[in-house]
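> Given the sequences, and given the hints that come with them, work out the whole structure.
Number of protein chains: 2
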Amino acid sequence: MFADRVIEAARRLGPLCVGIDPHPGRVPELFGGDTPKGLAAWGMAVVDAAAGRAAAVKPQAGLFERLGPEGMAALQVVCERARAAGLIVIADAKRGDIGSTARGYADAWLDETAPFAAEALTVNPYMGLDTLEPGLAACEATGRGLAVLVRTSNPGAADFQSLDCGGEPLFLHVARALAPAAGRLKGETGWSGLMLVTGATAPQEARAIRALAPEALFLVPGYGAQGAGVDEALSGFVPGPAGREGGLVNASRAVTFPKAAEGVSGYRAWQAAITEAIETAQAALKAGAASGL
Amino acid sequence: MFADRVIEAARRLGPLCVGIDPHPGRVPELFGGDTPKGLAAWGMAVVDAAAGRAAAVKPQAGLFERLGPEGMAALQVVCERARAAGLIVIADAKRGDIGSTARGYADAWLDETAPFAAEALTVNPYMGLDTLEPGLAACEATGRGLAVLVRTSNPGAADFQSLDCGGEPLFLHVARALAPAAGRLKGETGWSGLMLVTGATAPQEARAIRALAPEALFLVPGYGAQGAGVDEALSGFVPGPAGREGGLVNASRAVTFPKAAEGVSGYRAWQAAITEAIETAQAALKAGAASGL
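Listed in order, the protein sequences are those of chains A and B. Mapping to the numbering used here: the first sequence position 38 is 38, numbers consecutive. Mapping to the numbering used here: the second sequence position 121 is 121, numbers consecutive.
Note that these hints are calculated values from the structure, not bench results. Hints are supplied without guarantee of correctness; some may be wrong.
One copy or two, either will do: identical chains are not told apart, so a pair holds if it fits within one copy or between any two.
[Claimed, not checked] Below, simulated SDA-like cross-link-like pairs (lysine to any residue); rule was C-alpha separation at most 25 Å, straight line:
hint, residue 1, residue 2
1, K259, G99
2, K186, G156
3, K186, M44
4, K259, Q76
5, K37, S265
6, K37, W270
Rendered as structure tokens:
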């Protein structure tokens, strides 16, 4: 089951998830720059640096899709390289649609024969529980995971997610409504592969969601470049055998575009900068998880 | 401006938008069946049947994405054919992400040089107003449109969209919050290219949204196969020079997989069945728009 693979890897290596976000103009010339080939080469190099150092990678679909079908083909090879390297692949595509089309997205990302070889997919709950059902069914059949947006990390997250709905913000209604789904993707460790996306920039909200969803793994964006620190990122975590646990904390820009990698012209120097950034971020998260016990 | 092109075409031809939804197993063998080539050939044939008979087409991204990058390449050629045929192309991808990634989706679908040549993109508002900003900015620059999910047509739409938030359902909060954005995409006709997705299956909700958003064009799914009739589909429309107006009504299965097209083996018989289904749906909508004055 997805949940067991995530928590086992997080206990062994730490909770870091490496975001693979090829922002326009940021992919080094060394890999071919802002082209489909450049995205593929750079993404595979990030995968190689993350392998053995992080539990998971999270490629950002929109930043590949901007280069059209060839960009999506680059995403495809990055996902394949990551799975071959033993990394858990969470496709950050934030999909969502009515039943028959949601089935199309499940076919694309979550089935055994899916063209994009992800082990989990991020999805948007706005359209309702029935729109999550095809993804959930695919995950039950294949042992994969689904990460549902609950309280995101961006400044505008509060616009609708925090609206008061009968004494409780919308995001808590969403978290509560997902409890039956969480039960369906529960692994042997007791954790569920129905992940909840809870931004590191909203630690109080993360604790409130944790109180409602004790089994759900959290997928935590917003750590690092978006301004949240280790304590905020781990605020929804709970004591476990190897320190606080309960999800993955994503870092993208801080580990894939670190200062030390700026302007380097050789692959070895780039690789050294990236592996060091990944190890530093992972060590900080592990120390935070240990000290919070 | 997108809004003016939509309303001009709807006044001239009627409000029908032809949904291009290649459901698994439904694309006729005559075109190559459920393969990227089949999807491209079938989608282009639907475009040819819609040209001159409907204002717009709405390809469903998820049903192309399920075939991987090659499926997305099929979507690309369908969009190009539609624009060359003078049809307005609304890409139904329901994207949404934080600012930097939302910019990637705008690059993919809405910019002058976007690989997927759409004139409007459907987006999900759950993550907040800042996540809509890159798409809006692209639309301001290029005269394109953005269609925001407000009250969808599926049975589970009410799960979150209809939650009572301080005396008003969530979907009305969303509609109200979009008013400044609607103003930014307003055309010379007074209509705005900030479309609101309002399901035909919820006519009362559509009227409530119209009261709050008098300028916004509606994109109405759920007509036909999802159970709503002409009156329900037009419930958010208002009197105009050529009958009730105020948006586009999408039909997919009813016009692209009609009974009369089942089992036909030749292109001409298929084409005759599809053009007749499109003309019948358009005539019903036009009659409804005229009788409601």
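> Does each hint hold? Answer for all of them.
Structure-based check of all given hints:
no. : hint        : verdict
1   : K259 / G99  : between (44 Å within a copy, 22 Å between copies)
2   : K186 / G156 : between (32 Å within a copy, 24 Å between copies)
3   : K186 / M44  : neither (31 Å within a copy, 44 Å between copies)
4   : K259 / Q76  : neither (28 Å within a copy, 37 Å between copies)
5   : K37 / S265  : within (18 Å within a copy, 42 Å between copies)
6   : K37 / W270  : within (18 Å within a copy, 41 Å between copies)
Against the hints set out earlier in the document, violations occur for numbers 3, 4.
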